[in-house]
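A.B. asks: These are the residues of each chain, in order.
2 protein chains.
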Amino acid sequence: MQKPSERKLEIVTVSARLFKEKGYSAVTMRDIAQAMDIKAASLYNHIKSKQEILVLMIIAIAEEYTETIRAIAASGETSVEKIEKVIQLHIDITVRNPDALASLNNDWMHLPKPELQYFLQMREEYEDIFRAIVKKGIADGEIAAYNAEVIIFSILSTIRTLYLWYGKKKDFNANVLKTNLKKVLLEGII
Amino acid sequence: MQKPSERKLEIVTVSARLFKEKGYSAVTMRDIAQAMDIKAASLYNHIKSKQEILVLMIIAIAEEYTETIRAIAASGETSVEKIEKVIQLHIDITVRNPDALASLNNDWMHLPKPELQYFLQMREEYEDIFRAIVKKGIADGEIAAYNAEVIIFSILSTIRTLYLWYGKKKDFNANVLKTNLKKVLLEGII
DNA sequence: AAAACAGACTAACAATTGTTAGTTTACTAT
DNA sequence: ATAGTAAACTAACAATTGTTAGTCTGTTTT
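Listed in order, the protein sequences are those of chains A and B. So the first sequence is numbered by numbering that gives the first Met the number 0: it starts at 0 and just counts up by one. So the second sequence is numbered by numbering that gives the first Met the number 0: it starts at 0 and just counts up by one.
Calculated from the structure, these hints are not laboratory results. Treat the numbers as computed from the prediction; the structure is a model and nothing was measured. Be aware that a few hints might be false.
As the list makes no split between identical chains, a pair holds if one copy fits it or if it spans any two.
Taking lysine-lysine and the DSSO-like style, the derived pairs with C-alpha atoms no more than 27 Å apart in a straight line are [stated by the list, open to error]:
#1 K182 to K38
#2 K167 to K112
#3 K181 to K84
#4 K47 to K182
#5 K38 to K167
#6 K47 to K169
#7 K134 to K182
#8 K134 to K112
#9 K177 to K21
#10 K135 to K7
#11 K182 to K112
#12 K112 to K135
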């Protein structure tokens, strides 16, 4: 895997911003070109298709999620500590890629076949690992014995859609999230 | 506002299923027609544009959210009870419209101008009302004094994306959600 | 039986889509 | 200065898009 050139990364960054606002399908190559002050055809000096932009935008981030949660699962920590690390992982990635995460969440189905398969496989592994952490936490009595799927869904939903709120609300910086989000998700609000 | 005909509602239902899978922009009128076993042009005997389908899909649900949360806010209950009612509202609507909620969450930006404005106004009012409930709960000592925006975001994210899990996980029925989700969101998991 | 109508059809449109081919421009290395 | 190259350009394409016009068919209403 070659490291993408400067200009190529710029295309991905600009596209991420546009995809976030209207979705992958509604953004045209001419939209992307205009946002970069060039013509649509010029984009093809750097990328080979619209879908390639999406691949560059999504896959690297998905891989980071997968690799990091593997490491978290393999560590010797308690289940609660592992969940805290997972929350921290999502905060970190959100702060670094607030725009690209919109496509990772909403446009992944437009990935080309092989990358789509790869993405879904990573996503499944990610949820399986998270599920195992939660279930072990329940079995060990660390975590309350509610329906495991409900716990998984409730935590993942929140940390996966962080990108929607980050940057929009002024008091949503990495520090406020770090100190508040873990407590709210783990200890509740009452 | 005329009550839509039988066939019109069928178009909206079929479209909702397709929009959920690929998003509004990626679904063509020919896709919708094929799913109904007719030709694209025939759709226009019932609807006047693709955007009208989206309006019918989103606005009525948005209005139900808005009207119900108004009623909840106006009731004489405690803040925690109000939040429980809001959670229940989302469960109810999700169970009734699992497909349409995908468009309400991801395709609202493709509404025509006047309905877009109306939708955003309702969404803002909805969040304002929910924010007021949470802040009063904190002020009254009913709710822990974490950052209010974090609490709002964490609950809304979960109940707004319920549609992604409902129907996919077998143990996600209305009853399991009703008994588990409120506890997980309010009391946490440890 | 005649008339009206709902709801499907075929055919076509103008606009927009992603993309390619070939050309020009400006900088960099020889 | 010359050659080479990266990255922009113009022009065009074939396919697909939402939508309209006009027609046909069967059922319902008069």
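A.B. asks: Evaluate each hint against the coordinates.
C.D. replies: Hints versus structure:
| no. | hint | verdict |
| --- | --- | --- |
| 1 | K182 to K38 | neither (49 Å within a copy, 54 Å between copies) |
| 2 | K167 to K112 | between (34 Å within a copy, 22 Å between copies) |
| 3 | K181 to K84 | both (9 Å within a copy, 24 Å between copies) |
| 4 | K47 to K182 | neither (45 Å within a copy, 50 Å between copies) |
| 5 | K38 to K167 | neither (31 Å within a copy, 43 Å between copies) |
| 6 | K47 to K169 | neither (38 Å within a copy, 41 Å between copies) |
| 7 | K134 to K182 | both (20 Å within a copy, 17 Å between copies) |
| 8 | K134 to K112 | neither (33 Å within a copy, 47 Å between copies) |
| 9 | K177 to K21 | neither (30 Å within a copy, 34 Å between copies) |
| 10 | K135 to K7 | neither (43 Å within a copy, 49 Å between copies) |
| 11 | K182 to K112 | neither (40 Å within a copy, 40 Å between copies) |
| 12 | K112 to K135 | neither (35 Å within a copy, 50 Å between copies) |
Comparing the model with each numbered hint stated earlier shows that hints 1, 4, 5, 6, 8, 9, 10, 11 and 12 do not hold.
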